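J.: One-letter residues, chain by chain:
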Amino acid sequence: MSFVDFSWLIGGPQGSGIESGANIFSKVCAEMGYQIFGKREFYSNIKGEHSYFTVRVADKKIHSNVNDVTLMAAFDAETIFRHFNEVISGGGIIYDSDLGDTPTDSVHTLDAPFKERLHKELESKNKSFTISGVLEIAKDNGVKLFPVSFKSLLESLSEETENPRLKGLIRMFNVIGVSLSLGLVKMPPDSLQKTIETIFSKKPEIAKINQQTANYSYNYASAKFENFDHTLPGVQKEPGTILIQGFQGTALGKMACGCRLQPYYPITPASDESVYLESNEILEIIDERPGSTAVIQTEDEICAMGMTIGGALTGTRSATCTSGPGFALMTEMLGWAGMNEVPVVITNYQRSGPSTGLPTRHGQDDLLFAVYAGHGDFPKIVYASGDVEESFYDTGNCFNYADVFQVPVIHMMDKFHASSVITCKRFDPQKIIINRGKLLEKVDDGYRRFEFTDDGVSPRSRLGLDNGIFWNTGDESDEFGHISEDPILRVKMMDKRMSRLDLILKNIPVEEQVVSFGVEEYTIISWGSTIGPVRDALDLLKKEGISIGLIQLKLLNPFPGDYVNSLLKNNKTIIDVEANHSGQLGKLFKQNTGRDVDYFILKYTGRAMTSTEVYDSLKKIIQNKANKREILMHGA
Amino acid sequence: MALKLSDYKTDVHNDWCPGCGDFGIVNAIQMALAEMGIERDKAVMFSGIGCSGKTSHFINTYGVHTLHGRVLTFAQGAKIANPELTVVAVGGDGDGLGIGAGHFVAAGRRNVDMTYIIFDNGVYGLTKGQASPTLKLGEKTKSLPSPNTNSNVNPIGLAIASGFTFVARGYSYDVRHLKDLIIQAVRHKGLSFLDVLQPCPTYNDLNTRDWYAGTDLVDEAQKRHSRIYKLEEQGFEPVVHYDSEPEVNEKLSQALIKSLEWGAKIPIGVFYKNPLVSTYTQRLQDKIPNYLENPPAQQNISKNGHSNTDISMILDSLEV
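From first to last, the protein sequence lines are chains A and B.
Under this note's numbering, the first residue of the first sequence carries the number 1, and numbering increases by one thereafter.
Under this note's numbering, the first residue of the second sequence carries the number 1001, and numbering increases by one thereafter.
Read the hints as simulated data drawn from the structure, not as lab findings.
Take the hints with a grain of salt, since some may be wrong.
To be verified - Just the calculated beta-carbon pair ranges, DEER-fashion:
# : chain 1 : residue 1 : chain 2 : residue 2 : range
1 : A       : 45        : B       : 1209      : 54 to 64 Å
2 : B       : 1235      : A       : 355       : 34 to 44 Å
3 : B       : 1011      : A       : 355       : 41 to 51 Å
4 : B       : 1144      : A       : 444       : 49 to 59 Å
5 : A       : 15        : B       : 1040      : 54 to 64 Å
6 : A       : 289       : B       : 1126      : 42 to 52 Å
7 : B       : 1286      : A       : 160       : 40 to 50 Å
As the list claims (entries may be wrong) - Restricting the straight-line Cα-Cα distance to at most 20 Å, the calculated cross-link-like pairs of lysine to aspartate or glutamate (EDC-like) are:
#  : chain 1 : residue 1 : chain 2 : residue 2
8  : A       : 431       : B       : 1310
9  : A       : 194       : B       : 1316
10 : B       : 1303      : A       : 441
Predicted, not measured: the structure shown is a model, and the values here were computed from it.
Note that CB positions come from ideal geometry on N, CA and C, so glycine has one too.
So here's chain A without its partners, still in its complex pose (with noise of 0.2 Å):
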């Protein structure tokens, strides 16, 4: 039996409805019951640099991409440059010929490095630095070329239906794209126009016209195409499945747990869950009247920070989403939170650094930082989501972990998740527990905020509850929260807050921490999102009768060793698999279980790990061949 495994790529300049075009990809596949896994890459620039989507579509459940292009549809030459040999033999490659045989050096957003090795290979196969020079390359590797007159397929379409506006309308090309790749592999035809439909459905105008657009290259392409070996003819849908971007997991997460203010500073790639917040505001509540979420753009991330915790101290569940330079601003008030012991969530999508770094790329780059981040000792917590549906779960969590540890809660996240689209199952907010700890409803008199009981959390205010006062400093204080110097007194508070890391490990369930997909004589120990492309490799490896373990680590601080130590118990090689350059993780696991990590498999390109990436360096560990460090490089 064969296994659908397809991935598609789209390329264009930035602007040129790149995103738009996946979609409306990813959403045929999945309404004909396609399993997705997407991802977008970006530059940080608006208009004119190259962007472009993977989609990888099977029959069933993926969690990554992979290395191999079976079609791809470019209608600028940048895209055919820099992907052309991720085309597979058998693969196809559509393109508007109506780039002629456009040269490298008239291409003024290929960067001199990569044009560098672009030549370097170009003249190794003796082929042109042009448009047929690297096509040649690709008609070498096996890889069917299907040129198509973008500008022609427009202009007979203008004629067809009459309408002359269609003529020179370029923003169509994404749809053709789409259209002509849709035609070529046989997917059936209705679900792209009813999926066009679903998309426009507010503009009418613009479905239609793009409706007669993908019609007519859908049929262009069918007809006119009929050697390509790979086809997309639906197979049966799962119910209940959802296609989700990224940031949607833990926006939706947040909506259901409660989370009722979110202040935050635009940054690339946390801003879209807060603008997404925003956009859905108003909350439809069960038996109740409408709820919101008040969702406010900052000047800052300082006081974005600042806002969360005045929020969190009136008992609204509050959180701010943020990535690595707006998280570094927050952490003097990380600090206060701690101290004060106030339970709010920050979401960290990570990205790339240090400093700007990859404004636009993926990286893990932030564990260490979030695990030490803030000046002096206090309690929090660290949790990390290894995918999207696993988000909206954990967000939920995340909330309860604040409320009843009263402490912070970094949520961290990445671009990778943030600009994924994959399916999942449908969320079930009913899975939602929300647990608030010691918040209290109602006081009596003699309310002493910061009291010392016997688990070291104490009955929590809000501000405005009747006889509810209380005071906060930053300063040491004492059980009222008026400053206070007294080294006896310093030492019983530090003692009291930093008892809840004890309290964290013993309470949070073990299969929240930590998940196992089982531990053998190899076994990977992984965080985040890289957790997709390990299990997919995985998966790969056990069809050869290879079985490699996985312990997924969500819960980052406090570190849960004593339990990840038990479940290795002795002998085994230990693989680190993450996304930056010193195995961040690797070094936790280091301090917290006393043993060494014997091989890392790293990735800091600013592109996310593929499963192929991942599966050749495990085969290579097996076979004795690896380097201690693995370094990936794979992506565009």
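With the hints as your guide, set chain B onto chain A.
T.: Chain B in isolation, oriented as in the chain A frame:
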């Protein structure tokens, strides 16, 4: 039972220097709260860092002693989440106009309905007397190694330019007048700002109590006169009465011109008041029709321990 002035005082030992202007401000705040009869558990005092930061510990309402320069951020978040609270933020001039100047300007743009009081003494007291943002260029207070190399910021002018809708100045040794200003500021619907001149007896040997009292100024009749005078006694009319550009511009510009007056005569009182600008609460209410009736802090977020938010419409739209 009616609340007395003493109800608003905590028994926390006050460790400000003897003769510090801060005492007058904290007294005026307590008097204002008592006079308005604000319930203690419906009021929150936010404070920044420095001598003035301790203010929240001396007042028997909710008290949140925050971080240097960041007091407005905490205060706005609390007020937005729970608009029923009476929110007063206090801090020094270094706190609000130095490290916190960005938040000061942004807060003006938002016009959240709360009050911000700056304890303005020209020095960083708790770090032993460095120059603060309101100290003038070339001035040398006693612990500065050399004269101040920065120009000063004009707090009243900056507040007006930033969009504060109530801007006033008080003097910490005129407690009754200051108390009246605080009451007006708290009652104002919008963001009110009070610049309170507050001599630091330990580190500011220039702008002393005697200096404000004009002991160095002697007129022809050999009579001393105080530098401080009250705008309201001069017939100054600070209020924007109707929402028209010429009216607003006139009131803004006269306030700005007044704010430049310094030296032999220093005005206190209300410089500018515009009750016609929408508050941030109103702006949220425009987007979220039941925001005030069901603000973030009041919302019930669970039913029998489970989520009660119905996101099924959104999930339906994502379903394939």
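J.: Now tell me, hint by hint, if it's right for this structure.
T.: Cross-check of the supplied hints:
{"no.": "1", "hint": "A:45 - B:1209: 54 to 64 Å", "in the structure": "60 Å, holds"}
{"no.": "2", "hint": "B:1235 - A:355: 34 to 44 Å", "in the structure": "57 Å, violated"}
{"no.": "3", "hint": "B:1011 - A:355: 41 to 51 Å", "in the structure": "49 Å, holds"}
{"no.": "4", "hint": "B:1144 - A:444: 49 to 59 Å", "in the structure": "52 Å, holds"}
{"no.": "5", "hint": "A:15 - B:1040: 54 to 64 Å", "in the structure": "57 Å, holds"}
{"no.": "6", "hint": "A:289 - B:1126: 42 to 52 Å", "in the structure": "48 Å, holds"}
{"no.": "7", "hint": "B:1286 - A:160: 40 to 50 Å", "in the structure": "48 Å, holds"}
{"no.": "8", "hint": "A:431 - B:1310", "in the structure": "13 Å, holds"}
{"no.": "9", "hint": "A:194 - B:1316", "in the structure": "16 Å, holds"}
{"no.": "10", "hint": "B:1303 - A:441", "in the structure": "15 Å, holds"}
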